[in-house]
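Based on these hints, arrange chain B on the given structure of chain A.
Residues per chain, in single letters:
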Amino acid sequence: MATRRDTAMTAVVVLTSFHHDGYDMRRIFVLPTSWAGWGLFIAFVALVLAGIWPVIGWVNRATLVMGLPLLVVWSYVIMFACVAVMLVGNRIVERDDHE
Amino acid sequence: MSSAWPLVITLLYVATAMLIGLRAQAGRSMNNLEEWGVAGRSMGPVTLYLLIAAGSVSAYTFMGAPGWAYSKGVAVFYVAVYLAYLALVAWYFGPKVWQFGEQFGHVTQASAIADRYQSPALGALSALVMAVGSVAYAVLQTIGSAYILFVMSGGQIPVWLGVLLVLACIAVYLYASGQRAIGRTNAFQGVLMLVVAWAVGLWAIHSATGGLSFAGVFERITAENPEFLTLPGAGGDMSFSFWTTSIIVSMFSFMPPVWTQWMSASSARTIRRSATWLPTYYVVILPMVVVGFIGIFSLPELARADTVVLEYAMQHLPVVLVGLLGAGTLAASMSSSEPFIHSVSLSVSKDVLQPLLKLSEGTTAKLARLLILPIMFLVIAPLAIAEPGSLVMILLVGLGFASQVLPAFIGMFFWPRASKLGVMAGIVAGFMVTVAFTAVWPHPLGIHAGFWGLMVNLPLFFAVSLVTPAGESEVVERFFRISAPRGLTRLGR
Chain A
427 MATRRDTAMT AVVVLTSFHH DGYDMRRIFV LPTSWAGWGL FIAFVALVLA
477 GIWPVIGWVN RATLVMGLPL LVVWSYVIMF ACVAVMLVGN RIVERDDHE
Chain B
1094 MSSAWPLVIT LLYVATAMLI GLRAQAGRSM NNLEEWGVAG RSMGPVTLYL
1144 LIAAGSVSAY TFMGAPGWAY SKGVAVFYVA VYLAYLALVA WYFGPKVWQF
1194 GEQFGHVTQA SAIADRYQSP ALGALSALVM AVGSVAYAVL QTIGSAYILF
1244 VMSGGQIPVW LGVLLVLACI AVYLYASGQR AIGRTNAFQG VLMLVVAWAV
1294 GLWAIHSATG GLSFAGVFER ITAENPEFLT LPGAGGDMSF SFWTTSIIVS
1344 MFSFMPPVWT QWMSASSART IRRSATWLPT YYVVILPMVV VGFIGIFSLP
1394 ELARADTVVL EYAMQHLPVV LVGLLGAGTL AASMSSSEPF IHSVSLSVSK
1444 DVLQPLLKLS EGTTAKLARL LILPIMFLVI APLAIAEPGS LVMILLVGLG
1494 FASQVLPAFI GMFFWPRASK LGVMAGIVAG FMVTVAFTAV WPHPLGIHAG
1544 FWGLMVNLPL FFAVSLVTPA GESEVVERFF RISAPRGLTR LGR
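Note that the protein sequences, when read in sequence, are chains A and B.
Number 513 in our numbering belongs to position 87 of the first sequence; there are no gaps in the numbering.
Number 1455 in our numbering belongs to position 362 of the second sequence; there are no gaps in the numbering.
Only chain A is shown next, with the shape it has when bound in the complex (with noise of 0.2 Å):
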């Protein structure tokens, strides 16, 4: 069984049965199925994006923030932000009611 869906996305199809016969394998992907879903992938793919070039290169001064290495402050804030992440991820996963 497919539904189809609006989405920014053209012709995207959610195959809620695994009968795939008939369908194109090769372009079946697992991929968010939810607006919930598509923003926190893209919070997951932000946090990674912040802690790799080139956004690590606009916090590479010398200079301290709070005592500490501008660096180091960022590292620990990607840190706690995946928390916060996780966290509202968990909200959506049981409200949602699915592993």
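The set of hints was computed from the structure by calculation and includes no laboratory data.
Each hint should be verified, as a subset may be incorrect.
Said to hold, decoys possible - Stretches of chain A that chain B covers, calculated by requiring three or more beta carbons in the stretch to come under 8 Å of a beta carbon on chain B: (1) 462-474; (2) 477-485; (3) 492-505; (4) 511-517.
Glycine included, every Cβ here is placed at the ideal spot set by N, Cα and C.
Okay, now just chain B, sitting in the frame of chain A:
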């Protein structure tokens, strides 16, 4: 060092760890893989949090990371960033891996690979090659443990004896209680490390600056050595590209003991709860690294950078704190080596010897317990005592391979069309590139060798998968009911 207190405190820690590990058995029979291998899938969120946290904080945090701070500067914090990302990885993949284990009976990573691709050969291959990196990692941690005993005893316990003592201690409780011992001892070691790191760090800051603020240390570094506060660091070798690719490669290295830890949880929700708070544990890194920065101006002539904390402690800290530092560093190395030893024994028994010799489940479980002895005393101990110069190279190649297994996981979690041959082609090509760019031409253009491997591996994996038969639809469906509980998405018409 004239006082006996550091050695007494360190040995007291060893005795306590051994007692906790032995008591973890609590009268249960350990002659089955579910119990010895994954603790009967029973661990609660706090134990799991400390198990994963202590397992990922190795002797590197107490010796290597301060050494990096001492020689390179803030570049060392790439470790903190990738450890936080590993928590994201655990949050997303951990519950699914737990469900695979619970529903399909997997106790190892290689079992899951063999099942998904219906290929015991692929499972055995991944078990064996992962074992190379795992053994090298355990050897490095054992060397660290023996070095600590050598220092704490003022040279009275030679390295060979330290190696045998530490391995004998781990062997006793690992044989007796398996993954339950690892869970309990790691919980104890995790708390100990956190307390010791902050006690030693704050005391060192006070002795160096007269206050308890990090600012005193870093204001001096800013004035005298500002190159330590930015990339590429004082050594000039931590470029943006190496920082970035090291984080990406480390993030995608799904090491086997981590899977075993996920499978030991009492539920999928437990893993998610533990993973959520996991990054908070990594505040343990900060005080140790700050001692490395203190060493820049306090111990400018140090011969070995990774001894900076020990040297500083022995010169400036009270003997009780030196002893606690010894116990904390030993806890860090033991808590990291025991999951790898356990994982190698479990996987070689389950994924290599069982299919090869057609062993029953009961015999395989007994074999897994016994196998830790030859692994520890015939492989790890001689290597740790000999300290071969190529050991770090073996470890780097082994860890490089770990990231090259990524296609197997893409086919398990994201793309049902992945084929066995596609995975094999990607792994073999990626591994060869990683070996070449580690041993022959290290990290070309400042990009991590494992990242080069992935750039060859992934396109080949997709291309070969598309032209070779997909896995059995029944198996694919079984896995993707867990990986994609709300359905898959078809892109394009």
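Against the structure, the hints:
1. 462-474: holds (count 3)
2. 477-485: holds (count 6)
3. 492-505: The restraint on the segment 492-505 of chain A holds, since 11 of its residues have a Cβ under 8 Å from chain B and three suffice.
4. 511-517: holds (count 5)
Checked against the numbered hints above, the structure breaks none of them.
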